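Peer 1: Chain by chain, the residues:
4 protein chains.
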Amino acid sequence: MLIVMNPHVNEREVEVVCRRIREAGLTPHPIPGTTRVAIGVTGNTAPVDPEPFRELPGVVDVIRVTRPYKLTSREMRPDDTIIEVGGVRIGAERPVVIAGPCSVESYEQTVETALRVRSLGAHLLRGGAFKPRSSPYSFQGLGVRGLEILAEARAVTGLPLVTEAVGTEVFDRVEQTADVVQIGARSMQNFPLLKRAGASRRPVLLKRMMSATLEEFLLAAEYIMAEGNHNVILCERGIRTFGEHSRYTLDINIIPELKRVSHLPVFVDPSHAAGRRQNVIPLARAALAAGADGLLVEVHPAPDQALSDGMQSLTLDAFEELMSDLPRWTPSARPAEVHVP
Amino acid sequence: MLIVMNPHVNEREVEVVCRRIREAGLTPHPIPGTTRVAIGVTGNTAPVDPEPFRELPGVVDVIRVTRPYKLTSREMRPDDTIIEVGGVRIGAERPVVIAGPCSVESYEQTVETALRVRSLGAHLLRGGAFKPRSSPYSFQGLGVRGLEILAEARAVTGLPLVTEAVGTEVFDRVEQTADVVQIGARSMQNFPLLKRAGASRRPVLLKRMMSATLEEFLLAAEYIMAEGNHNVILCERGIRTFGEHSRYTLDINIIPELKRVSHLPVFVDPSHAAGRRQNVIPLARAALAAGADGLLVEVHPAPDQALSDGMQSLTLDAFEELMSDLPRWTPSARPAEVHVP
Amino acid sequence: MLIVMNPHVNEREVEVVCRRIREAGLTPHPIPGTTRVAIGVTGNTAPVDPEPFRELPGVVDVIRVTRPYKLTSREMRPDDTIIEVGGVRIGAERPVVIAGPCSVESYEQTVETALRVRSLGAHLLRGGAFKPRSSPYSFQGLGVRGLEILAEARAVTGLPLVTEAVGTEVFDRVEQTADVVQIGARSMQNFPLLKRAGASRRPVLLKRMMSATLEEFLLAAEYIMAEGNHNVILCERGIRTFGEHSRYTLDINIIPELKRVSHLPVFVDPSHAAGRRQNVIPLARAALAAGADGLLVEVHPAPDQALSDGMQSLTLDAFEELMSDLPRWTPSARPAEVHVP
Amino acid sequence: MLIVMNPHVNEREVEVVCRRIREAGLTPHPIPGTTRVAIGVTGNTAPVDPEPFRELPGVVDVIRVTRPYKLTSREMRPDDTIIEVGGVRIGAERPVVIAGPCSVESYEQTVETALRVRSLGAHLLRGGAFKPRSSPYSFQGLGVRGLEILAEARAVTGLPLVTEAVGTEVFDRVEQTADVVQIGARSMQNFPLLKRAGASRRPVLLKRMMSATLEEFLLAAEYIMAEGNHNVILCERGIRTFGEHSRYTLDINIIPELKRVSHLPVFVDPSHAAGRRQNVIPLARAALAAGADGLLVEVHPAPDQALSDGMQSLTLDAFEELMSDLPRWTPSARPAEVHVP
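Chains as they are written, first to last, in my numbering: chain U, 1 to 341; chain W, 342 to 682; chain E, 683 to 1023; chain P, 1024 to 1364.
Since the hints were derived computationally from the structure, they do not count as laboratory data. This structure is a prediction, so every number in the text was calculated from the model and none was measured. A couple of the hints might just be wrong.
For the chain W half of the interface with chain P, some residues (derived, Cβ under 8 Å), not all of them [to be verified]:
hint: 1; residue: Phe480
hint: 2; residue: Arg581
hint: 3; residue: Thr582
Taking CB as the label site, the calculated pair distances span [unchecked claim]:
hint: 4; chain 1: E; residue 1: Pro750; chain 2: W; residue 2: Ile404; range: 17 to 25 Å
hint: 5; chain 1: U; residue 1: Glu227; chain 2: E; residue 2: Glu1019; range: 53 to 61 Å
hint: 6; chain 1: U; residue 1: Glu227; chain 2: P; residue 2: Gln1199; range: 43 to 51 Å
hint: 7; chain 1: W; residue 1: Arg617; chain 2: E; residue 2: Pro750; range: 18 to 26 Å
hint: 8; chain 1: U; residue 1: Glu227; chain 2: W; residue 2: Gln646; range: 45 to 53 Å
Glycine included, every Cβ here is placed at the ideal spot set by N, Cα and C.
Next comes chain U alone, as it looks inside the complex (with noise of 0.2 Å):
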């Protein structure tokens, strides 16, 4: 249920609301907006009776949202949500680049990754120091040398940090150092991970899992709004179909229907959708065209020499041809004069 309070309501009158949703066993959370203010409802198993609520003061209309998923849907907040990280504004007009290696392998490696993608015009830097591996005798990452490794990165750069958690047992480590914690496909529907990301100060970039249902993919943002932490980022990453050209399908479809259904920020990682070089740059400006808020790109020096996911990297050339003309690729852009050759 979703109280819509009137624009011109004071904190009392949101406290008292707040108070009798309490009172009838329920949870309230009040969602600021630019343009209307309103208090989602949760907790109720069966349908509540929305009239009591229509009478007490600043109460503009109640409304029965009937989706299983509430806090992430547009109908509980019209307006986008806009998340700060040091700075760079993610959900807002211009697209945001997080790129960097696969997985932290070196200072030299991430540091050196660092600058350069920096001075080609990314917002933050990504790097894996504990990775989820298929097999258990592949490379696992660094661990926390991995993230101390980023933390020095971030001192020379300046990027704000996103690395993964791949289990409640490394949570408050990762969460120390990372600016933005990562939840990794497989880990989307790890529930006790995500109530500990709810509970945390950080923002949260949630991968979609590969078979995973856009309701699947909501409610597993849900878990962690529902926890108090409102500041998640969604990202597409590709689904598992019977294609044999691409590692993965990137499902394009959801991006235009995750902004219309969902107010959270929407990215899209080109690099594990393509699961090869040459297709990333193609699936990244698509998914922009499409309306996605950002990028979450893997980039490293010597692609061939990557301890993971070599052959879906980035060379720092191909990342420059990329972000050369980034701006171009969003809607909402204007550009001024079109040639075709």
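With the hints as your guide, set chains W, E and P onto chain U.
Peer 2: Below, chains W, E and P without anything else, positioned relative to chain U:
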């Protein structure tokens, strides 16, 4: 097998090579190109010994092609295939838009739509006269009367026509009227139909079956080319996946892959891939950004009254929005300056 | 709409109802059943008013059918459809096995296989004369000569024949020879072919397209039945999924669902579903245990020399193993006593 | 790499080989078998030179294993793994049935179900205390109180318990109570959880993620085995496909494939795969007929009042029907005589 000829080769030398190929019980396919001339060889069930061909005058190289598709492959023909239809160059620099109603319903609806889409910049007119429908109880199209209406719309607007032949039974009649004959997704492996299309002098727009691999798709085009018709346009229209938020999943990954392994033009049908109007434009832009050569779009002056696929047809206003900045989304275009809000 | 008649109805009463249906611009389909007689009504594009029909003599009930398939539905015909072919009852208690080579390759291969599978208990002979092949360069079958060989094999063995018609072009010729005409998975939505099959007096074995939903599958059967041919055998042969360990994924779930919603016999082709010989027997047993009425199995005396699909053809020894305890796997059978090792 | 030892090898010889493996920086995994003893070698990132090992006393052969999974492979251990739990032999001749409610809801519901399924022949009791749920607003299980109720049900019935650990956080507590610890489909690639399970002395029932390939499934089991716990039961529970007629698609093909490439017991959960009660029995029989070693079935005395998954839970009557002729569906069983109606 592919026999690559000297750039300065003369016709007689090509004929000598072709004769030798025929003498070996095989079929030669001379492929003119701007950078080099080549002769494709098909019809072998086992590997062919390349040595006897290497010594013939004008032969530069003999390449063993291991992929099951040959004539469609870029190895066979490094240059992009460009198909001219009524003055429109398909597969060249500028994106080409084929627009019109799903079904031809009446003279008025068709001519009105044709006039409007032409004024908004469409290059060809689409419209179904014979409709393949999942249910025997659904509207199956106006048939021959539909073709007559399309011809009248062409007479009025000058737009070349694209319409579907649902089987060999109606191919002759469709071919008389259509400028480009469409083969629908459900017919992609109707092999007698593919062979009939291969014997036609009309270009063929071949849609990908919703569960076809890249290889099966190119082999279907290969059936057409092996009969002598080299003017094939490939059209991706969405694949079947577990996703519930869209009718099909547009396989955006296949666009750069098809452009890489084949020389044929690649189109995208964002209408079927989206299944709902509001997502057609994002998918259309994404398709171009990923490298598609053109679009096949359903447009209806009053989509809510359409006899088929109204849900996914663009209104004329939405089509105008799509066309307003079309060239911008082509990677080879160069916008002069970009303003992000 | 379905009009249910009194059990003691006479022919004249049925004719009166049918005439009234025709007068309303609709098509009546009298459906004889052992427990009750019903008349299916098709041809309406909008709901039909049932009231005028309720009052006619002999009418017990008028049921509005909301599913898009009608004639194929169990609501239309509660009793199982049983199809007799050459003395074999398909869809009755005992599982029926259709066995033989993927392709007819020669007189010797075909007759030898036919004699052997008959001696091991097969009920019908299968064999492809016209073969739909993904590549234009693959063996496409012996064509008319293949049909002649099949007819000779029937003369020798007495086994009724099942063979595929790949298009309307060859339907007449196939129909002359075949006892059951097969429509392949790739042709499941070849609507002209379905209509032609509907006009045939031969039973039709309709294979499910690898990406067809249950509803699309039944609607394809509906095309055949709507033309008057009620003898349709449904055949599941595996769907396309992300799985890499088998050629297709046998959709075992669809067997009980089809039996529940439709009265048509349901067969399974474990050969295509498995794609490799060693898994054919487990899938065949699973299919029967799940309720399938019969099997369509590829058997070859020397699979390694087969011109098509050798990998998935059973040897004669393996076929003997399959047949040795076949009835046991039928749920309605009652084994006297079971010894577990 | 796999080192195969002489059948008459003694313990000291095995120890010598293990020491040499460790000296090479690798990890030895001695695998006792009834027909031959072998030592698996893991930990290498590049190929290992087999020659130095061939000369050691007791070594018969050194096999290079190229598949990414090793300890789970049948090459490593040709004999079937048999796991004993409370007197029940899992993976042996007779099919084993694990039955019980989806969720533990109360003492009465659990003990009543446990008593009834035991009397009908179930071998182990299942029941969820910690429930992974897609929505944060769904019933999440009784938690520790659920484990206590399960322990009481075991005390009353003697049935060993199978229950899920949704994360490492609760593993210790679950392990105290459970006889077999279940890892759910959504946790199949929760690598910290797999490692924790590998350090446990309890057998682990590992469910396949709905989009996991065979290789990913075995690699998840490999994580558990690599930590020293060799008692892993694989459980197929349906994959995600385009199909709409069932909740998931039971991948019947994977059963014989898993039995062929791995020595681990293979179970099937027909309840989740079916998603609706009436199809559970057909899928259960099919699973056994295809070679499954056992079943994991949801049973509820009043499914319509279940707090989770009631739709797919068998009633006690239906469970009785399933159990009435269970051994018959095992391929190795030999029914004395079969009567077909």
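Peer 1: Each of the hints needs a verdict: does it hold here or not?
Peer 2: Here is what the structure says about each hint:
1. Because the smallest distance between the Cβ of W/Phe480 and any Cβ of chain P comes to about 24 Å, over 8 Å, the interface hint for this residue is violated.
2. About 4 Å separates the beta-carbon of W/Arg581 from the nearest beta-carbon of chain P, less than 8 Å, and the hint is met.
3. Below 8 Å, beta-carbon pairs count as interface contacts, and W/Thr582 has one with chain P at about 6 Å; its hint therefore holds.
4. The supplied range of 17 to 25 Å is broken by E/Pro750 and W/Ile404, whose beta-carbon atoms lie about 51 Å from each other.
5. Judged by the Cβ atoms, the range 53 to 61 Å given for U/Glu227 and E/Glu1019 holds: they are separated by roughly 59 Å.
6. At roughly 28 Å, the beta carbons of U/Glu227 and P/Gln1199 sit outside the given window of 43 to 51 Å.
7. Restraint check, W/Arg617 to E/Pro750: a C-beta distance of roughly 20 Å satisfies the suggested window 18 to 26 Å.
8. A beta carbon spacing of about 48 Å between U/Glu227 and W/Gln646 agrees with the range 45 to 53 Å that was offered as a hint.
Hint violations for this structure: numbers 1, 4 and 6, all remaining hints satisfied.
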